[in-house]
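If you're matching them up, the sequences are chains C and S in order.
If you're matching positions, the first sequence starts at 70 in this note's numbering and goes up one per residue.
If you're matching positions, the second sequence starts at 3 in this note's numbering and goes up one per residue.
None of these hints come from the bench; they were simulated from the model.
Any given hint could turn out to be false.
As the list claims (entries may be wrong) - DSS-like cross-link-like pairs, simulated, lysine-lysine; straight-line CA separation at most 27 Å:
{"no.": "1", "chain 1": "C", "residue 1": "K557", "chain 2": "S", "residue 2": "K77"}
{"no.": "2", "chain 1": "C", "residue 1": "K367", "chain 2": "S", "residue 2": "K165"}
{"no.": "3", "chain 1": "C", "residue 1": "K542", "chain 2": "S", "residue 2": "K68"}
{"no.": "4", "chain 1": "C", "residue 1": "K542", "chain 2": "S", "residue 2": "K77"}
{"no.": "5", "chain 1": "S", "residue 1": "K166", "chain 2": "C", "residue 2": "K503"}
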Amino acid sequence: MHFPILTYMVFTPLVGMLAVMVLRKGADNAARYTSLFFSLIPLLLSFILLAEFDGSTAKMQFVEYISWIPSLGIHYYLGADGISVPMLFLTALLSFVSIIASFGIKIRVKEYFAFFLLLEFSMMGVFAALDLFLFYVFWEIMLVPMYFLIGIWGGPRKEYAAIKFFLYTLLGSVLMLVGIIAVYFYTEPHTLDIMELIHRSSSYGHTFQLIIFAAFFFGFAVKVPVWPFHTWLPDAHVEAPTAVSVILAGVLLKMGIYGMLRVSYPMFPKAAIYYAIPIALLGMIAIIYGAFVSMAQKDLKKLVAYSSVSHMGYCMLGLAALTTASFSGVMFQMFSHGVLTGAMFLLVGVIYDRAHTREIAAFGGIGAKVPIYAGVFTLFGMGSLGLPGMSGFVSEFLTFVGSYNSPYIQRWIVIVSILGVVLTAGYILRMIQKVFLGPFNTRWENLTEINGREIFTVVPLGILTILIGVYPKVLSYFISASINNVIKIITG
Amino acid sequence: MHGPLWLILAFPLLGFLINGIFGNKFNRVTVSLVACGAVGISFVWSAVLFFRLIALPPESRIYVEKLFDWISAGKFNAAFSFYLDPLSALMILMVSGVGFLIHIYSHGYMGHDESYARYFSFLNLFTFSMLLLVLGANLLVLFVGWEGVGLCSYLLIGFWFTKKSASNAGKKAFIVNRIGDYGFLLGLFLIFVTFGTLNIAQITEQAPRLLASGGILVTIMTLLLFVGATGKSAQIPLYIWLPDAMEGPTPVSALIHAATMVTAGVYMMARMSALYMLAPLTMGIVAAIGALTAIFAATIALTQFDIKRVLAYSTISQLGYMFLACGVGAFGAGIFHLMTHAFFKALLFMGAGSVMHALSNEQDMRYMGGLKKKIPITFWTMLIATLAISGVPGFSGFFSKDEILWESFASPQGNILLWIIGVITAGLTALYMFRLIFMTFYGESRVKSHIEKHIHESPSVMTIPLIALAVLSVIGGYVGIPHLLDGSDRIGRFLEPSFAHFSESAIEGHHSAGTEWLFMIISVIIALTGIYIAYKMYIAKPELPVAFAKKFKGVYTVLYNKYYVDEFYGYTVVKPFIKLSRIMYNIFDRVIIDGSVNLIAYITEWTGEVLKWFQTGYVRHYIVTFMFGVVIILGYFIFR
Numbered sequence: 070m071h072f073p074i075l076t077y078m079v080f081t082p083l084v085g086m087l088a089v090m091v092l093r094k095g096a097d098n099a100a101r102y103t104s105l106f107f108s109l110i111p112l113l114l115s116f117i118l119l120a121e122f123d124g125s126t127a128k129m130q131f132v133e134y135i136s137w138i139p140s141l142g143i144h145y146y147l148g149a150d151g152i153s154v155p156m157l158f159l160t161a162l163l164s165f166v167s168i169i170a171s172f173g174i175k176i177r178v179k180e181y182f183a184f185f186l187l188l189e190f191s192m193m194g195v196f197a198a199l200d201l202f203l204f205y206v207f208w209e210i211m212l213v214p215m216y217f218l219i220g221i222w223g224g225p226r227k228e229y230a231a232i233k234f235f236l237y238t239l240l241g242s243v244l245m246l247v248g249i250i251a252v253y254f255y256t257e258p259h260t261l262d263i264m265e266l267i268h269r270s271s272s273y274g275h276t277f278q279l280i281i282f283a284a285f286f287f288g289f290a291v292k293v294p295v296w297p298f299h300t301w302l303p304d305a306h307v308e309a310p311t312a313v314s315v316i317l318a319g320v321l322l323k324m325g326i327y328g329m330l331r332v333s334y335p336m337f338p339k340a341a342i343y344y345a346i347p348i349a350l351l352g353m354i355a356i357i358y359g360a361f362v363s364m365a366q367k368d369l370k371k372l373v374a375y376s377s378v379s380h381m382g383y384c385m386l387g388l389a390a391l392t393t394a395s396f397s398g399v400m401f402q403m404f405s406h407g408v409l410t411g412a413m414f415l416l417v418g419v420i421y422d423r424a425h426t427r428e429i430a431a432f433g434g435i436g437a438k439v440p441i442y443a444g445v446f447t448l449f450g451m452g453s454l455g456l457p458g459m460s461g462f463v464s465e466f467l468t469f470v471g472s473y474n475s476p477y478i479q480r481w482i483v484i485v486s487i488l489g490v491v492l493t494a495g496y497i498l499r500m501i502q503k504v505f506l507g508p509f510n511t512r513w514e515n516l517t518e519i520n521g522r523e524i525f526t527v528v529p530l531g532i533l534t535i536l537i538g539v540y541p542k543v544l545s546y547f548i549s550a551s552i553n554n555v556i557k558i559i560t561g
Numbered sequence: 003m004h005g006p007l008w009l010i011l012a013f014p015l016l017g018f019l020i021n022g023i024f025g026n027k028f029n030r031v032t033v034s035l036v037a038c039g040a041v042g043i044s045f046v047w048s049a050v051l052f053f054r055l056i057a058l059p060p061e062s063r064i065y066v067e068k069l070f071d072w073i074s075a076g077k078f079n080a081a082f083s084f085y086l087d088p089l090s091a092l093m094i095l096m097v098s099g100v101g102f103l104i105h106i107y108s109h110g111y112m113g114h115d116e117s118y119a120r121y122f123s124f125l126n127l128f129t130f131s132m133l134l135l136v137l138g139a140n141l142l143v144l145f146v147g148w149e150g151v152g153l154c155s156y157l158l159i160g161f162w163f164t165k166k167s168a169s170n171a172g173k174k175a176f177i178v179n180r181i182g183d184y185g186f187l188l189g190l191f192l193i194f195v196t197f198g199t200l201n202i203a204q205i206t207e208q209a210p211r212l213l214a215s216g217g218i219l220v221t222i223m224t225l226l227l228f229v230g231a232t233g234k235s236a237q238i239p240l241y242i243w244l245p246d247a248m249e250g251p252t253p254v255s256a257l258i259h260a261a262t263m264v265t266a267g268v269y270m271m272a273r274m275s276a277l278y279m280l281a282p283l284t285m286g287i288v289a290a291i292g293a294l295t296a297i298f299a300a301t302i303a304l305t306q307f308d309i310k311r312v313l314a315y316s317t318i319s320q321l322g323y324m325f326l327a328c329g330v331g332a333f334g335a336g337i338f339h340l341m342t343h344a345f346f347k348a349l350l351f352m353g354a355g356s357v358m359h360a361l362s363n364e365q366d367m368r369y370m371g372g373l374k375k376k377i378p379i380t381f382w383t384m385l386i387a388t389l390a391i392s393g394v395p396g397f398s399g400f401f402s403k404d405e406i407l408w409e410s411f412a413s414p415q416g417n418i419l420l421w422i423i424g425v426i427t428a429g430l431t432a433l434y435m436f437r438l439i440f441m442t443f444y445g446e447s448r449v450k451s452h453i454e455k456h457i458h459e460s461p462s463v464m465t466i467p468l469i470a471l472a473v474l475s476v477i478g479g480y481v482g483i484p485h486l487l488d489g490s491d492r493i494g495r496f497l498e499p500s501f502a503h504f505s506e507s508a509i510e511g512h513h514s515a516g517t518e519w520l521f522m523i524i525s526v527i528i529a530l531t532g533i534y535i536a537y538k539m540y541i542a543k544p545e546l547p548v549a550f551a552k553k554f555k556g557v558y559t560v561l562y563n564k565y566y567v568d569e570f571y572g573y574t575v576v577k578p579f580i581k582l583s584r585i586m587y588n589i590f591d592r593v594i595i596d597g598s599v600n601l602i603a604y605i606t607e608w609t610g611e612v613l614k615w616f617q618t619g620y621v622r623h624y625i626v627t628f629m630f631g632v633v634i635i636l637g638y639f640i641f642r
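Take the sequences, apply the hints, and build the full model.
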């Protein structure tokens, strides 16, 4: 048996949580560094994962398969392919970065980091699990730390936001649970092995596929979030502390897309084709609508939150199109958006820590005062609006070129969606202008420049987005075989 | 012919990185040396490659260099590769050459600016992007440069970002360009779907086979690309960003307006000539838009008082000529004019910068006058550029403009109407340019008294680039002397392999040399008339313009306010757009969508509230309820 690297990646944060919990009360710095250590290990392991990964095959790698509840045919089944490896890396990276960014947390420090590590544990688990039961367990565990992280360390309306997030997502997962149970009983012998279920997908009846796909879809759609199930997102983001927003936008939203790529699409291919046009329409609406609504925002963080709705729309469009290029675009967008929006939220947090406001109109001209911060912010803003040379461009371009060519959706949907490119430029530039450019607002005379620790958190993200933009092979090496395989399963 | 081509790009990119990261720690001279050196080396290397290319026989003047496979997924594949042929060789030479002069000039002009390093790093990035655009072997690499110059224009136009107007102008440039890019992207996708590649050489080769001449597909394709070109090259209806681009430092205006950025659209169309030649309808539209833009912008230029604004509208007008040339299939003439225009327009802008430098940044020509003796080098070089742009025989603009005018009539796509518009524009050009010269350098000084005593000629680091460009503005035309004047039209023959051409059968009956002479003479006469009118109005009888403005108040006001186009867009596009976004958020998102979510939550809660009255926990309540139930059920069975 080989080294169970995935188990180590998943469970190290859990061990870390326990370690933080047994620290004596008030040992804040110890809690900080302990959790830093326990989030560094999965990051280092993820580098091994990347190095060991074989990009030429779509087969599951690093597989761990142990019987868990034999009477129900449930296994402890972990594995990684080209779809999950980038997400595991992203999760490890963003968790590590977020923990550094959380060093400023002052109240109930121990609990905060304990919950944070629990969150990392559950996210890692979701991306590594290959048994639906296990997948569901991780998926649901994730709600708990998230609920408390928003509800305790959040802003003024934290209770409202936390409950809304919790209930909304729970409603989604209940439908997913219905789907899981239905699949379980539909197959003979009963199994919850995802790979096995995909393998048998050709035997599922048409109607069954349509109904169960919809159940899974709703479960995942709330998380993405797909328009019109998105309204929990801005509330959650506005109230959540910075690092939690980073994880929320950077990783949690991707879990929805990941779920579709991993479960619903390959498991119910007929439904995927059947629903292509409605899903593409939802994607199109999200892109345009999200951009319009972003334009109207007065709060910096809310603007970035709504921009996520728009950016996730690209993923829905790419999924609906069912081509290799568009699916690659989806993968690129998942990774790229995680990096870019993660950085955006970190940067919004930087200014909020100093100014104690996020109201766009309250700023103005501060680029003169904090040039480095302004430069870094502009860089990620440009990435976000899809400037060539950065990762956002590759993902948008692949999504569009793949969708434009797709036999499953209508071309006008794509043509309207591409308008998002113009609208995004509009709201990003408007934001940059209102905050950084124009006459200097003397109220911010004492604003201090971004510090070393904060720069350290965004630098790896900046390097990644440029690296992928200039040389996309660093990412497509991992994903292409798996994506080809998924497309082959769906479209035959 | 051995590259490497990437070296041309590497130096400006390196300069950008060095000055961008460490620039603040360097002193000014080091920053300048890095920036100018980077572009200088790039220019030298471009020149080496250019002459190596020329040394080859015409049919083998193509060199492709692939760096790596860039984006590939499924059927899509685009390499990061460069392409050197006569067209791109000429362009890199011009971009790096004129760019180099502008860099040197900037050392003087921006010498006192506190964000010196930021300025030069952006300038390098701009040059890099433009070179990338020109060298790109496929449309996707071209698009990277295309977006790159858009970004740099944003950064440089809004360079003095604490000025609200500057940051507005930068944003406007970026967004208007993005609107054009929307069309360009759609064109790109359509091309990919049709050809299965974005490689320009392959598209060019396959186009006649895959596309029916005059077919709907190629027409839409070329129109979409053209939309992108109108954005980048400031044509109707997307020209509005360019006059505002004057908010940037003056050398930036020279760079944007002369050697880079605005020429990108013309270059792209010339590059894609194989497609355009298959779409006569698009060609007609391009020619019409070009001609209209040329005359439209020229009329606005007549009434402006801001020296840079006159030049800005002049640029739009001159770009109109280049589009006109492309529209009638005279791509060589278009590129020729692009080149001569780069020389004289860069000179004019930097001259204007030199004037402003002398006058403590005064831009209003009403507060100039009589500067001829005080800043002689600026005056003489600007005069040369003005003669060139006005199309006075012997100067570079004459040759290139005359070729366009002739083709606008003689080409199979041309007609007399296009020629008439072109010639009138030529007259207007001479008029507004000499108006500029006369108002600035002649007559009584109207300079504000406190500035008057500080007037001085610019340092030689600024005047030497002016002189260099003045020389080029004169001799630059002699590479393209038409056959009519016993020339050999060397540039035309050099560029020929890069373009698609009309088939022999399309060119019906050659026009006689006599006709060509006649047309040329008419256009010269009209240009001279323009100069004469300018002389009459601004030197002989300075009271005339005011009288005119009074007499034709309506027309004058419309022109002075630039036909109110900005206001029109404001009311029809920008305002409704912002309003719509507010409605979508405040009403649709908050009330309808989120309202329904909360409503469901409230209904759930309310249901619970109601039901809880039945769950009191008292056994007696449950017995009473139970009794009622029994009575009702019994009653039902008894009385049914």
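For each hint, the structure was consulted:
Only pairs whose Cα atoms come within 27 Å are accepted, and K557(C) paired with K77(S) is accepted, the gap being roughly 14 Å. Proximity of K367(C) to K165(S) is assessed by CA-CA distance (about 22 Å); at most 27 Å being required, the pair is judged to hold. This hinted pair checks out: K542(C) and K68(S) have alpha carbons roughly 16 Å apart, not beyond 27 Å. Restraint check for K542(C) and K77(S): the C-alpha separation of about 15 Å stays at or below 27 Å, so the hint holds.
Of the pairs offered as hints, the one joining K166(S) and K503(C) holds, with about 10 Å between alpha carbons and a cut-off of 27 Å not exceeded.
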